[in-house]
Amino acid sequence: MTFFYILTVLALVLSLAFDRNKSWQALQVALKRFLQILPDLLLMTVLVAVVLYLLPQSTIAFYLGKYNLLFSSIVAAILGSVTLMPGFIAYPLCGLLAKQGVPYLVLGIFSTTLMMVGVVTFPLEQRYFGTKVALIRNLVSLLIALIVGLGIGIFFGEI
Amino acid sequence: MKLTKGKVFEIGIVVLFGLAIGLLKLKGSPVGSIMGHSALEFGVNIFKVLPCAFVLIGLFEVWVKAETVEKHFGVKSGLRGNFWAIVLASTTVGGLYVAFPVAMALLHKGARLSVVFTYLGAAALVRIPMTIFEASFLGIKFTLVRLLISLPLVILSAELLSKVLKNQILPPNG
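As given, the protein sequences belong to chains P and U, one line each in that order.
According to the working numbering, the first sequence is numbered sequentially starting from 10.
According to the working numbering, the second sequence is numbered sequentially starting from 32.
Calculated directly from the structure, the hints in this document are not laboratory data.
You may find that some hints are simply not true.
Stated by the list, open to error - Derived pair list, reagent style DSBU-like, types lysine-lysine, alpha-carbon separation capped at 35 Å: (1) P:75 to U:172; (2) U:102 to U:58; (3) P:41 to U:140; (4) U:58 to P:41; (5) U:38 to U:58; (6) P:41 to U:96; (7) U:36 to U:172; (8) U:194 to P:141; (9) U:194 to U:96; (10) P:75 to U:38; (11) U:38 to U:140; (12) U:172 to P:31; (13) U:58 to P:141; (14) P:75 to U:197; (15) U:58 to P:31; (16) U:172 to P:108; (17) P:75 to P:108; (18) P:31 to U:36; (19) P:31 to U:102; (20) U:58 to U:79; (21) U:36 to U:197; (22) U:107 to U:194; (23) P:41 to U:172; (24) U:140 to U:58; (25) P:31 to U:107; (26) U:96 to P:31.
Unchecked claim - Which bits of chain P does chain U cover? Going by a derived footprint, with three or more residues having C-beta under 8 Å, they are: (27) 28-36; (28) 81-88; (29) 114-126; (30) 132-146.
Quick reminder that beta carbons are idealized off the backbone N, C-alpha and C, glycines included.
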């Protein structure tokens, strides 16, 4: 994260050194793009808060290990698609669940849908790419996540 | 900023949410505190990343020539374009909410659609810090299997998506 800040400042300083006008233009573009998307970002924040309230980590952990392989996979795909968690929360949770005996197949589906399929980011994605593209991209990503889970399951000898 | 109906509706929901949280807090309900807290936490998190991301996007749009992007990510770039998209994705910070505007900036500069979809998929799958984290908690075997299965699928699906959705991407918004 710190590296990212340094990179941004460095790029900006470099840009300023070469051309003040262009740098000013770049900042205007940045502000415009940001403001354009701000309502969608705020809505996403609200959606995240609601989803996290309805499906806290403890609930997710409970349901991922509760059923047989097939049903757990379906639950994992749904939970992974609906929730949004940063990696530094999601992976420790998955690690813990693996220790408790939740199949890697289920965790593969959960973590992959978590990162690739976004119900809460849907309004944002829709704003950028349109409804049809956003919908199809998410469905294809869901399919990829299921195949990934299946592959992990086979590799770990779970199926 | 142009205020469309959709945006007014979104802002309306956000304001209502804020009011509801405030009201619930006043009544001493834990629901208000919990939701308010996670909204604030998530909000702070994304707003730590996004200003920098948008400044970099702004600099990219002003400084990088369309020809350069076309050459490396465009129609003639072939699989090399997909490869560079994955490399770029691995360095992406944050989540999909950062990847979307970056993808859009690439598209406007002449990257071909399948490269853009590859970038989006890869940004979800191979961000370096996230991958290291995953390997340390779920084991390197898990991570390797996941990457080896998912990346080819991402490239393949990106090619298919770009054929199906050729004319579906909205024109640049501003």
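Against the structure, the hints:
{"no.": "1", "hint": "P:75 to U:172", "result": "25 Å, holds"}
{"no.": "2", "hint": "U:102 to U:58", "result": "60 Å, violated"}
{"no.": "3", "hint": "P:41 to U:140", "result": "17 Å, holds"}
{"no.": "4", "hint": "U:58 to P:41", "result": "39 Å, violated"}
{"no.": "5", "hint": "U:38 to U:58", "result": "30 Å, holds"}
{"no.": "6", "hint": "P:41 to U:96", "result": "20 Å, holds"}
{"no.": "7", "hint": "U:36 to U:172", "result": "49 Å, violated"}
{"no.": "8", "hint": "U:194 to P:141", "result": "14 Å, holds"}
{"no.": "9", "hint": "U:194 to U:96", "result": "26 Å, holds"}
{"no.": "10", "hint": "P:75 to U:38", "result": "40 Å, violated"}
{"no.": "11", "hint": "U:38 to U:140", "result": "26 Å, holds"}
{"no.": "12", "hint": "U:172 to P:31", "result": "47 Å, violated"}
{"no.": "13", "hint": "U:58 to P:141", "result": "42 Å, violated"}
{"no.": "14", "hint": "P:75 to U:197", "result": "42 Å, violated"}
{"no.": "15", "hint": "U:58 to P:31", "result": "52 Å, violated"}
{"no.": "16", "hint": "U:172 to P:108", "result": "15 Å, holds"}
{"no.": "17", "hint": "P:75 to P:108", "result": "15 Å, holds"}
{"no.": "18", "hint": "P:31 to U:36", "result": "33 Å, holds"}
{"no.": "19", "hint": "P:31 to U:102", "result": "23 Å, holds"}
{"no.": "20", "hint": "U:58 to U:79", "result": "31 Å, holds"}
{"no.": "21", "hint": "U:36 to U:197", "result": "27 Å, holds"}
{"no.": "22", "hint": "U:107 to U:194", "result": "16 Å, holds"}
{"no.": "23", "hint": "P:41 to U:172", "result": "44 Å, violated"}
{"no.": "24", "hint": "U:140 to U:58", "result": "52 Å, violated"}
{"no.": "25", "hint": "P:31 to U:107", "result": "29 Å, holds"}
{"no.": "26", "hint": "U:96 to P:31", "result": "13 Å, holds"}
{"no.": "27", "hint": "28-36", "result": "holds (count 5)"}
{"no.": "28", "hint": "81-88", "result": "violated (count 0)"}
{"no.": "29", "hint": "114-126", "result": "holds (count 6)"}
{"no.": "30", "hint": "132-146", "result": "holds (count 11)"}
The structure does not agree with the numbered hints 2, 4, 7, 10, 12, 13, 14, 15, 23, 24 and 28 stated previously, though it agrees with the rest.
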